[in-house]
Amino acid sequence: MTAPGPAATEPPGGWGPLLEAARDAMSRAYAPYSGYPVGAAARTDDGRIVTGCNVENASYGIGLCAECGLVSQLHATGGGRLTHFACVDGAGNALVPCGRCRQLLYEAGGPELLLRTPEGVRTLDAMLPQAFGAGHLTAQDAAGEA
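The numbers in my numbering rise by one with no breaks, and the one at position 22 of the sequence shown is 22.
Simulated from the structure, these hints should not be mistaken for lab results. Even for Gly, the Cβ is constructed at its ideal location relative to N, Cα and C. Careful: at least some of the hints might be erroneous.
Claimed, not checked - DEER-style ranges, computed between Cβ atoms:
no., residue 1, residue 2, range
1, Ser-72, His-136, 19 to 25 angstroms
2, Gly-133, Cys-98, 16 to 22 angstroms
3, Gly-47, Pro-118, 23 to 29 angstroms
4, Gly-47, Ala-131, 36 to 42 angstroms
Given these sequences and hints, build the entire structure.
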(Lines of atoms letter the chains of each structure in order from A; the text may use other names.)
(Lines give C-alpha, C1' and ligand atoms only; values in the text may rest on other atoms or scores of the structure.)
Protein backbone atom coordinates (compact mmCIF):
# COMPACT_ATOMS: atom_id res chain seq x y z
CA MET A 1 0.00 0.00 0.00
CA THR A 2 1.30 3.45 -0.85
CA ALA A 3 1.22 6.48 1.37
CA PRO A 4 -2.08 8.38 1.39
CA GLY A 5 -2.30 11.65 -0.54
CA PRO A 6 -1.59 14.93 1.32
CA ALA A 7 -5.24 15.98 1.57
CA ALA A 8 -6.15 12.70 3.24
CA THR A 9 -3.43 12.90 5.89
CA GLU A 10 -4.18 16.12 7.74
CA PRO A 11 -5.96 15.77 11.08
CA PRO A 12 -8.36 18.56 12.09
CA GLY A 13 -6.11 21.44 13.10
CA GLY A 14 -3.08 19.86 11.39
CA TRP A 15 -0.27 17.76 12.84
CA GLY A 16 1.09 20.64 14.99
CA PRO A 17 -1.25 20.13 17.97
CA LEU A 18 -0.58 16.38 17.97
CA LEU A 19 3.18 16.83 17.87
CA GLU A 20 2.97 19.45 20.65
CA ALA A 21 0.85 17.08 22.78
CA ALA A 22 3.31 14.24 22.14
CA ARG A 23 6.24 16.43 23.19
CA ASP A 24 4.36 17.48 26.32
CA ALA A 25 3.66 13.84 27.18
CA MET A 26 7.32 12.98 26.52
CA SER A 27 8.36 15.57 29.11
CA ARG A 28 6.52 13.48 31.72
CA ALA A 29 8.06 10.13 30.73
CA TYR A 30 9.73 8.04 33.42
CA ALA A 31 12.89 6.73 31.77
CA PRO A 32 15.62 6.57 34.46
CA TYR A 33 17.23 3.39 33.07
CA SER A 34 17.42 3.97 29.32
CA GLY A 35 17.36 7.76 29.39
CA TYR A 36 15.09 7.51 26.33
CA PRO A 37 11.82 9.35 27.01
CA VAL A 38 9.00 8.87 24.51
CA GLY A 39 5.68 10.67 24.15
CA ALA A 40 2.71 9.81 21.98
CA ALA A 41 -0.47 11.63 21.01
CA ALA A 42 -3.45 10.69 18.86
CA ARG A 43 -6.60 12.31 17.61
CA THR A 44 -9.83 10.38 18.10
CA ASP A 45 -12.85 10.11 15.84
CA ASP A 46 -14.72 12.58 18.08
CA GLY A 47 -11.89 15.14 18.01
CA ARG A 48 -10.22 14.50 21.38
CA ILE A 49 -6.44 14.28 21.71
CA VAL A 50 -5.21 11.46 23.94
CA THR A 51 -1.61 11.07 25.08
CA GLY A 52 0.79 8.70 26.75
CA CYS A 53 4.43 8.47 27.80
CA ASN A 54 6.78 5.57 28.41
CA VAL A 55 7.15 4.34 31.99
CA GLU A 56 10.20 2.20 32.72
CA ASN A 57 10.65 -0.23 35.59
CA ALA A 58 13.70 -1.75 37.27
CA SER A 59 12.27 -5.08 36.12
CA TYR A 60 12.85 -4.14 32.48
CA GLY A 61 10.29 -6.49 30.95
CA ILE A 62 7.33 -4.75 32.58
CA GLY A 63 8.07 -1.25 31.34
CA LEU A 64 5.28 0.42 29.39
CA CYS A 65 5.61 2.05 25.99
CA ALA A 66 3.98 5.45 25.46
CA GLU A 67 1.30 3.84 23.29
CA CYS A 68 0.09 1.75 26.25
CA GLY A 69 -0.69 4.88 28.25
CA LEU A 70 -2.31 6.49 25.21
CA VAL A 71 -4.68 3.57 24.62
CA SER A 72 -5.48 3.46 28.34
CA GLN A 73 -6.35 7.17 28.25
CA LEU A 74 -8.48 6.58 25.13
CA HIS A 75 -10.67 4.13 27.02
CA ALA A 76 -10.60 6.04 30.33
CA THR A 77 -11.93 9.17 28.60
CA GLY A 78 -14.81 7.64 26.68
CA GLY A 79 -13.40 5.23 24.11
CA GLY A 80 -13.74 5.75 20.39
CA ARG A 81 -11.31 5.16 17.54
CA LEU A 82 -7.91 6.66 16.87
CA THR A 83 -7.65 8.46 13.53
CA HIS A 84 -4.20 10.14 13.59
CA PHE A 85 -1.09 9.23 15.64
CA ALA A 86 2.29 10.84 16.37
CA CYS A 87 5.16 9.68 18.56
CA VAL A 88 8.35 11.57 19.51
CA ASP A 89 11.67 10.93 21.25
CA GLY A 90 13.38 13.08 23.87
CA ALA A 91 14.55 15.55 21.24
CA GLY A 92 11.04 15.86 19.81
CA ASN A 93 11.88 13.87 16.67
CA ALA A 94 9.24 11.66 15.07
CA LEU A 95 9.43 7.95 15.86
CA VAL A 96 7.60 4.88 14.61
CA PRO A 97 5.90 2.55 17.09
CA CYS A 98 7.57 -0.79 17.83
CA GLY A 99 5.89 -3.93 16.50
CA ARG A 100 4.03 -4.64 19.75
CA CYS A 101 2.64 -1.13 19.82
CA ARG A 102 1.60 -1.27 16.16
CA GLN A 103 -0.54 -4.26 17.09
CA LEU A 104 -1.94 -2.35 20.09
CA LEU A 105 -2.77 0.64 17.86
CA TYR A 106 -4.42 -1.66 15.30
CA GLU A 107 -7.02 -2.63 17.89
CA ALA A 108 -7.68 1.04 18.72
CA GLY A 109 -7.53 2.56 15.24
CA GLY A 110 -7.61 -0.13 12.61
CA PRO A 111 -5.72 -0.36 9.33
CA GLU A 112 -6.68 3.16 8.22
CA LEU A 113 -5.07 4.88 11.27
CA LEU A 114 -2.64 7.51 9.97
CA LEU A 115 0.82 7.58 11.55
CA ARG A 116 3.24 10.49 11.31
CA THR A 117 6.66 8.87 10.71
CA PRO A 118 10.14 10.25 9.95
CA GLU A 119 9.46 9.32 6.30
CA GLY A 120 6.03 10.99 6.16
CA VAL A 121 2.46 9.93 6.87
CA ARG A 122 1.68 6.22 6.51
CA THR A 123 -1.38 4.10 7.19
CA LEU A 124 -1.10 1.53 9.95
CA ASP A 125 -1.89 -1.10 7.31
CA ALA A 126 1.32 -0.10 5.49
CA MET A 127 3.28 -0.29 8.76
CA LEU A 128 1.72 -3.56 9.94
CA PRO A 129 0.63 -5.59 6.90
CA GLN A 130 -1.63 -8.59 7.46
CA ALA A 131 -2.26 -7.57 11.09
CA PHE A 132 -4.03 -9.92 13.48
CA GLY A 133 -7.42 -8.58 14.55
CA ALA A 134 -10.74 -9.45 16.13
CA GLY A 135 -11.95 -10.94 12.85
CA HIS A 136 -9.37 -13.69 13.18
CA LEU A 137 -10.86 -14.73 16.52
CA THR A 138 -14.34 -14.81 15.03
CA ALA A 139 -13.10 -16.92 12.11
CA GLN A 140 -11.45 -19.34 14.54
CA ASP A 141 -14.60 -19.58 16.65
CA ALA A 142 -16.71 -20.23 13.54
CA ALA A 143 -14.27 -22.88 12.29
CA GLY A 144 -14.37 -24.62 15.68
CA GLU A 145 -18.17 -24.78 15.65
CA ALA A 146 -18.43 -26.37 12.18
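For each hint, the structure was consulted:
1. Ser-72 to His-136: 19 to 25 angstroms: holds (24 angstroms)
2. Gly-133 to Cys-98: 16 to 22 angstroms: Since Gly-133 and Cys-98 have Cβ atoms about 18 angstroms apart, the given range 16 to 22 angstroms holds.
3. Gly-47 to Pro-118: 23 to 29 angstroms: The hint (23 to 29 angstroms, Cβ to Cβ) holds, given that Gly-47 and Pro-118 are roughly 26 angstroms apart.
4. Gly-47 to Ala-131: 36 to 42 angstroms: violated (25 angstroms)
Hint check: a violation occurs at hint 4 only; the rest are consistent with the structure.
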